[in-house]
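*Asks:* Residue numbers (our numbering), protein chains in the order written: chain A, 1 to 272; chain B, 273 to 544; chain C, 545 to 775; chain D, 776 to 1006.
Watch out, some of these pointers could steer you wrong.
[As the list claims (entries may be wrong)] So the derived label-pair ranges between C-beta atoms look like this:
no., chain 1, residue 1, chain 2, residue 2, range
1, A, G77, B, K460, 27 to 37 angstroms
2, A, G77, C, R742, 17 to 27 angstroms
3, A, S267, C, D594, 46 to 56 angstroms
4, A, S111, B, T307, 50 to 60 angstroms
5, B, S320, A, H182, 51 to 61 angstroms
6, A, E139, B, K504, 33 to 43 angstroms
7, C, V573, D, V827, 51 to 61 angstroms
[Unchecked claim] The calculated EDC-like cross-link candidates involving lysine to aspartate or glutamate, where the alpha carbons are at most 16 angstroms apart (straight line), are:
no., chain 1, residue 1, chain 2, residue 2
8, B, K460, C, D722
9, D, K859, A, E139
10, C, K628, B, D370
11, A, K116, A, D98
Note that these hints are calculated values from the structure, not bench results.
This one's a predicted model, so the numbers in the text were calculated from it and none came from an experiment.
Glycine included, C-beta positions come from ideal geometry on N, C-alpha and C.
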Amino acid sequence: MVFVCEHFGTNNQRSVSDIQEKDRTIWRVMPINKTTNSFADAVADIPSGASIMIGGFGGAGGQPTRLMMALRDLGVGDLTIIGNVAGISKTTGYGWPDHLDPIDQGMFFESGQATKIICSFPVPGTTNPLSDIEKAWREGKADVDIVPQGTLIERIRAAGAGIPGFYTPTGVGTTVAEGKEHREFDGKAYLLEEALSADYALIRAQKADTRGNLQYIGTSRSFNPAMATAAKTTIVEVDEIVEPGGIDSERVGTLSTYVDRIVQRESGDPLP
Amino acid sequence: MVFVCEHFGTNNQRSVSDIQEKDRTIWRVMPINKTTNSFADAVADIPSGASIMIGGFGGAGGQPTRLMMALRDLGVGDLTIIGNVAGISKTTGYGWPDHLDPIDQGMFFESGQATKIICSFPVPGTTNPLSDIEKAWREGKADVDIVPQGTLIERIRAAGAGIPGFYTPTGVGTTVAEGKEHREFDGKAYLLEEALSADYALIRAQKADTRGNLQYIGTSRSFNPAMATAAKTTIVEVDEIVEPGGIDSERVGTLSTYVDRIVQRESGDPLP
Amino acid sequence: MTSVHPNGNDPAPRLDRAAIAKRAARDLVDGSTVNLGIGIPTMCADFLPDGVELLYHAENGILGFKELSAPGEGDPNLMDAGGKFPKLVPGMAFFDSVESFSLIRGGHIDVTVLGALQVSHTGDLANWMIPKRGIGSIGGAMDLAANSKRVVVAMEHTARDNIAKIVDECSFPLTAPDCVDEIVTDIAVIEIDRKNDRLVLREVAPGWSCDDVQAHTEARLELDGEPGLMA
Amino acid sequence: MTSVHPNGNDPAPRLDRAAIAKRAARDLVDGSTVNLGIGIPTMCADFLPDGVELLYHAENGILGFKELSAPGEGDPNLMDAGGKFPKLVPGMAFFDSVESFSLIRGGHIDVTVLGALQVSHTGDLANWMIPKRGIGSIGGAMDLAANSKRVVVAMEHTARDNIAKIVDECSFPLTAPDCVDEIVTDIAVIEIDRKNDRLVLREVAPGWSCDDVQAHTEARLELDGEPGLMA
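Only chain A is shown next, with the shape it has when bound in the complex (with noise of 0.2 angstroms):
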């Protein structure tokens, strides 16, 4: 036992899993085990009316699209999604890989379960044809609710992190500003804006030890970790499940108090 404590503060780049395999007797594992066997079960007491915060920025990183397509399969609907670039790879391929036909949160739109989106990016560029949520949203079926993506982001991550309301001084002076209290610090105007939790969150992480801490890749991160705090149910689609300890105590992006229930895709899954 000795080993951990004379080599933490000069050998940073060895892992708790190697201590573990060194004198696996002394460790205890937590009883929880937040494993779910498939999304089917992990989306399945999803109700119509909830609100769903979908994590990802747009494309196929970082987006739990196992978990949105059980969501479609369980078809409850009045539904209200929260994510940023929402709904725009179908028709641009944003953030897909050439050879896939991309999948998004317009599914939900397309499939009438959702009635309204709180996002930052419904639209895709001005040249490309109508997304699923604006086809919705024209025929009347949905609500749109665009907030600009520093403020949708803080408003998540202030949920969890139990602020009500900040002040921020984007969107002062545009149509975002509108109705919002104006406040002044410093001589400089700003907004005040709240805090916007939901019902559930699904998200994506590359790796989930069995109590449910997460480890994200790359550009994966996006709305992921700030979603898991912010929900009343927090829902993981991962690659890979191992043990405490499978993940670098220094590399943990979601701390196991804030995940419900994690699913593992199946290894050789043809979606990124």
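Position chains B, C and D against the provided structure of chain A, taking the given hints into account.
*Replies:* Then chains B, C and D, alone, in the frame of chain A:
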């Protein structure tokens, strides 16, 4: 160059430095090198009257001890110090190995250089001797502004993140709330707290690359990453300076944009 | 501030600090994220019921720590909030103070166990400053007390000279109003029914009657069924 | 909204998109943290002066990216804000959207280069919504425009049918008021003197006179010395 992309999604244990070794010629290094030769040089422009954030939590880990000693030697006065568990190690041994004499923020009050501290924990436990900060306060030589720890770190974070003010539940109904705006959200009372910035941040990290990206270890993050974002000038004490690529892109705890100067400790420094 | 029982007339020995911790530990639910304050609260970790494991949070930035390193073997880069050096164990996570207090303030701590100078009959907590010292340390106490899902006070029932700590109104500066759910002391377990602003005596120490406990308590205690025996 | 020069009477060819990007790139200072919008702004990266290297920020969570992966070789887990796949290079850093927009909103981006639908004489920027579409995408544009230390617009000087884009007052919804510092177009470089709410014509394209540029500009242009030649 294909190597990078082929393996990125599948082998996350590989660090960027490995790639650099495989094909060193393809990378160019940013010309900006933030390395500073000595601790004395790094703090030399700090004037009397400056406000100075000092990183760490309390204890040796994450404390920029050598930068603090250089600032003491510089001798400038009328300083405002911003820190967390400020100045209690010397009287209690808090967070220091048993065989070493603790060094803490109290040094600036013992030397008479500091006239104010903003912190959460200036007083050692009730049965311990007075800290240097408490002594200076009793003698009327220093103001002490005591802020709840979560509010303190959030105010620092807010300064770096462009949030001039936010509402928090912490402190409502206590002396901390006196004179502050109260506001209800969903029937619950909150306090308005304002951003807290500084002229300088002296922080500590395990490793820096020459551009100023920082890597932290263990619990030595604490106040350091937020302080790096909230000061006009951020000066960093590290155990090791490496070339860009020497820190895994997944492990950058502070972005180089926030960092102005980095100083490497001597190898074998007896202080933690 | 008066001595509630100036003659110190105890009908039976009070429980020791370990026994207080053991009793407080009995209510901790498996898998909870908990923050244990310094002193008796920290000792709860040594008395968990069989099969119960907790996820320990320290506000300086760890989740999932367990026992401390042996003397002389700790590393300053792996410290807990009390300034001690835990061991590195699998499943641990490190994070900075922003994230640590987001977790606290956001209401994600299931249970906080802490010590107190005074607790009022409405659950007000005072534990950060003794007025006569003129200055005190708030640290993370206000965040933890105001925002944890459940706040348990584990402490000795009275201060020196039998001064009451469970009082009608706190005379010491508050850490947070209306926050304490349960008080575990060396002579009683008291539930704070915060909806009705009343203290309910749930358990008494062996050899102590309800009247004995009341005699050591400034605030009025109510009964809701016969109190059990602390064990 | 009217055509400022209905006959499209150009005295000389306008610069192409690459030349606009090249001119905008000339003002970028070595070591700056920059965010380049989609289109002409992105092309700035191809025309940096010798010895200048920039730290590229993409709001989805990268700092320090450079060129893109070859077609078919990108990884969705390493995307830029335009949905393309950069290469992994040493010194890169990944972070989440909270940190990315803290960097932006906190004023840590040295220069943002972006496109525009309209810019007013006071530096108001409109670039997120065409009113006739009825809906638009804000994305990170408001945060970047409102909070970057310096905002440069790189765009074609007029819209289709010679409709003015540099106007007295924006008729399109604003991205941010009073934020643009410089406009680089295919016929001119215009500084926005925001203290005095005036546009100063700094450079003209080869073959273009100040009057020619003014004829394509709704807002009044002022001179502060003889304009240089764009090159």
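*Asks:* So, for every hint listed, does it hold in this structure?
*Replies:* Structure-based check of all given hints:
1. G77(A) <-> K460(B): 27 to 37 angstroms: Given about 32 angstroms between the Cβ atoms, the range holds.
2. G77(A) <-> R742(C): 17 to 27 angstroms: 46 angstroms, violated
3. S267(A) <-> D594(C): 46 to 56 angstroms: 37 angstroms, violated
4. S111(A) <-> T307(B): 50 to 60 angstroms: Because 56 angstroms falls inside the window, the suggested range holds.
5. S320(B) <-> H182(A): 51 to 61 angstroms: Hint violated: Cβ distance 38 angstroms, outside 51 to 61 angstroms.
6. E139(A) <-> K504(B): 33 to 43 angstroms: At roughly 52 angstroms between Cβ atoms, K504(B) and E139(A) fall outside 33 to 43 angstroms, so the hint is violated.
7. V573(C) <-> V827(D): 51 to 61 angstroms: 59 angstroms, holds
8. K460(B) <-> D722(C): Since the Cα atoms of K460(B) and D722(C) sit roughly 13 angstroms apart, the hinted pair holds (cutoff 16 angstroms).
9. K859(D) <-> E139(A): Judged against 16 angstroms, a Cα distance of about 31 angstroms means the pair is violated.
10. K628(C) <-> D370(B): 11 angstroms, holds
11. K116(A) <-> D98(A): Status violated; Cα separation ~30 angstroms.
When the structure is compared with the earlier hints, violations turn up for hints 2, 3, 5, 6, 9 and 11 and for no others.
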